[in-house]
Amino acid sequence: MRPALHAEWTKLRTVPAPAWLVLAAAVATVALGALASRAVTCEPGCGLDATKISLTGLQLGQAVVAVLAVLAVGDEYRTGMIRTTLTAVPARSTLLAAKAAVVAGAVLAAGALGVGGAIVAGRLILPGQGFADLPATDGATLRAAVGSVLYLVLIALLSLGVATLVRDAATAVGTVLGLLYLLPVLLMVISDPDWQRRLRQLTPTEAGQAISHTVGVDTLPIGPWPGLGILALWALAALLAGATLLHHRDA
Amino acid sequence: MTDGFPALLRAELTKLRTVPGWVVAGAVAAALIVGFALLTGAGAGQSRGGPPPRDADGTPVVDRFTFVHQPLPADGAVTVRVASLTAPDGPEPWAKAGLVVKAGTSPGAAYAAVMVTGAHGVRMQHDFVNDVAGPASARWLRLARAGDAVTASASTDGATWSTVGTTRLAGPAEIGLFVATPPHEKFDQFLGGTSATGRPVLATAVFDGLTATGVPTGGWKTLAVGVADDPHALVGDAAWAGDTVTVSGAGDIAPAVEDGPGLEQTLVGGFVALTVMVILGVLFVTTEYRRGMLRTSLVASPRRGRVLAAKSVVIAAVTFAGGLVATAVALLVGKGIMGDAVHPVSGPTQVRMVVGTAALLAVAAVFGVAVGTILRRGAGAVAAVVVLTTLPYILSVAAVLPVVSAQWVLRVTPAAAFAVQQTVREYPQVNAAYTPAFGFFPLPPWGGFAVLCAWTGAALAVAAVLLRRRDA
Numbered sequence: 001m002r003p004a005l006h007a008e009w010t011k012l013r014t015v016p017a018p019a020w021l022v023l024a025a026a027v028a029t030v031a032l033g034a035l036a037s038r039a040v041t042c043e044p045g046c047g048l049d050a051t052k053i054s055l056t057g058l059q060l061g062q063a064v065v066a067v068l069a070v071l072a073v074g075d076e077y078r079t080g081m082i083r084t085t086l087t088a089v090p091a092r093s094t095l096l097a098a099k100a101a102v103v104a105g106a107v108l109a110a111g112a113l114g115v116g117g118a119i120v121a122g123r124l125i126l127p128g129q130g131f132a133d134l135p136a137t138d139g140a141t142l143r144a145a146v147g148s149v150l151y152l153v154l155i156a157l158l159s160l161g162v163a164t165l166v167r168d169a170a171t172a173v174g175t176v177l178g179l180l181y182l183l184p185v186l187l188m189v190i191s192d193p194d195w196q197r198r199l200r201q202l203t204p205t206e207a208g209q210a211i212s213h214t215v216g217v218d219t220l221p222i223g224p225w226p227g228l229g230i231l232a233l234w235a236l237a238a239l240l241a242g243a244t245l246l247h248h249r250d251a
Numbered sequence: 252m253t254d255g256f257p258a259l260l261r262a263e264l265t266k267l268r269t270v271p272g273w274v275v276a277g278a279v280a281a282a283l284i285v286g287f288a289l290l291t292g293a294g295a296g297q298s299r300g301g302p303p304p305r306d307a308d309g310t311p312v313v314d315r316f317t318f319v320h321q322p323l324p325a326d327g328a329v330t331v332r333v334a335s336l337t338a339p340d341g342p343e344p345w346a347k348a349g350l351v352v353k354a355g356t357s358p359g360a361a362y363a364a365v366m367v368t369g370a371h372g373v374r375m376q377h378d379f380v381n382d383v384a385g386p387a388s389a390r391w392l393r394l395a396r397a398g399d400a401v402t403a404s405a406s407t408d409g410a411t412w413s414t415v416g417t418t419r420l421a422g423p424a425e426i427g428l429f430v431a432t433p434p435h436e437k438f439d440q441f442l443g444g445t446s447a448t449g450r451p452v453l454a455t456a457v458f459d460g461l462t463a464t465g466v467p468t469g470g471w472k473t474l475a476v477g478v479a480d481d482p483h484a485l486v487g488d489a490a491w492a493g494d495t496v497t498v499s500g501a502g503d504i505a506p507a508v509e510d511g512p513g514l515e516q517t518l519v520g521g522f523v524a525l526t527v528m529v530i531l532g533v534l535f536v537t538t539e540y541r542r543g544m545l546r547t548s549l550v551a552s553p554r555r556g557r558v559l560a561a562k563s564v565v566i567a568a569v570t571f572a573g574g575l576v577a578t579a580v581a582l583l584v585g586k587g588i589m590g591d592a593v594h595p596v597s598g599p600t601q602v603r604m605v606v607g608t609a610a611l612l613a614v615a616a617v618f619g620v621a622v623g624t625i626l627r628r629g630a631g632a633v634a635a636v637v638v639l640t641t642l643p644y645i646l647s648v649a650a651v652l653p654v655v656s657a658q659w660v661l662r663v664t665p666a667a668a669f670a671v672q673q674t675v676r677e678y679p680q681v682n683a684a685y686t687p688a689f690g691f692f693p694l695p696p697w698g699g700f701a702v703l704c705a706w707t708g709a710a711l712a713v714a715a716v717l718l719r720r721r722d723a
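Protein sequence lines, in the order shown, are assigned to chains A and B.
This note's numbering puts the first sequence at residues 1 to 251.
This note's numbering puts the second sequence at residues 252 to 723.
Among these hints, one or two may not hold up.
Which bits of chain A does chain B cover? Going by a derived footprint, with three or more residues having C-beta under 8 Å, they are [to be verified]:
(1) 52-64
(2) 76-88
(3) 166-175
These are computed hints drawn from the structure, not numbers from a lab.
Ideal Cβ placement from N, Cα and C applies to all residues, glycine included.
In isolation and in its complexed conformation, chain A is listed as follows:
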């Protein structure tokens, strides 16, 4: 496992794209969060969730993170490098695990930068928009921040699994972004509120982003940590499916 990890880390480190994507994910998360914070105003007692507003950028950051994760596999299929890699590391599950670990590490860095920056930006901007008495940190905000970093990591692992499944970077990005962006909109057309709630508990974005709420958590379709758990199940399922096909297909 260690040589595989080392090899994957070298590949990630020595190509310019991943470093730029890590930076882009962080910048996108902070920038959209700052814009959303600038756009909102709060009259006393408006009950808006300052932390959630600061973290609006997750919606954009997750797309960049998905590209980063997809390219870790997709680029190897594009260039044919995957055959060399599999010659060097014939244990295919080990290879996928190493890739997952390296991608998770990179996204952890991107997420920590982006989410941390977004929270700080929100705390700087929002008091000027009428949010009085924002605590510097509180338990719920800390949970939302840590959870949102994990959210991005899980999105990356889900993307990695999908990329291993479909083997084509463009198709994989399309599939992942469709899953992330289309499902919530499509659920809006379901008129039965019970069914809508049930399905919202199961979609990766709706369930996973429960973690970024700090106000009205009780009214969400699913709690913060169980929601993140649902996303983790999606990621695990994608990785397992990817691993199975990686075993049984020619590269």
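Place chain B on chain A using the hints.
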């Protein structure tokens, strides 16, 4: 080999239709458009109360006010001064007090009215959707009918009169004073929710100097029009003191803006199809880069701009044709299922929705081709087009952003093109939730579409330059 453009088109069409995955994706997109129409149509009819009153054209209306009236069999005129118009927390901007002549007292009947408003001066309004501004400071109002011509006039001193507007209202009618005020409401949306905070209000107007001709001498009767449909309605009254009458009232005489589901809900599948089509547009180019096929294409047709043009024309034509059929079927099926529940939409608007959605899909696919040519790499290009077209729509229409930012997003991003699906008109004289979450776009339908075309045109220009300058 000849370098004729028709041959090039044929070559690109062959590429497009012989990749099974793309054909399947296109077919799935078309099926989704129709499938979601079935789904929304089936759900739409359930969550509705009683039907609202409709005017002679079938437009749903709000028609609820306090009416101090007498019959007007033929010609006649009423003149009055609105001494004051008040409400507990100040009058609403569109609180109304004045004169109305109406073809009967049932809600939805044709009318013509001249009124003093809370903040919009004197207006003449007739038949619910028509609104004409009069002098801002006038307080004397006159409504006169000769034959079937109704003339509304206003005056600041009761001596010199100016005509505000004219219209026609034939047959026996009721004429008199009216007071109505919409509720005090504020609308916003944020983070997946929409909010309408407000409360019903009763406005009070004091009238004096009332004179009437052409009416029987039976005296004035007071009626709360339209309250039967709404058990929670505030009901106004009238009280006489000498020749001064104080009238209170709630409600409005206006088109109903938020009445039932909009027909555009049947086209929600178009949003899914859009995502599929921009991705297909990207893949149409990047797959050639990936396989090195592009070098073959450029050897066959060395004039590179024409390759880009041929790809754009082929994918646009195919998408438009497929989109047209799918959205037309979706609209007809959805409308059939929704039946009376849906807010009525005129024929030309329905044609605009169908043609506009098909054109939106076609231009978006070309946008995908252009971005794919610029970036050459599928993953980045797919992410870019999805983030530019799909994400703004989610942020604004699914109410993640507050109204002001959502409206900006729908002015400047390609998602502005969804304005072609807008069905309900914005009436300046009605305070309502004109927000993206309720299907109101900040740009007019084809204006929004033009934003997408501008993005696509710019991307195509950049793509053409880069394709010529770079090695393939």
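>> Check the structure against each numbered hint from earlier and tell me which ones fail, lowest number first.
In response: Of the numbered hints, just 2 does not hold.
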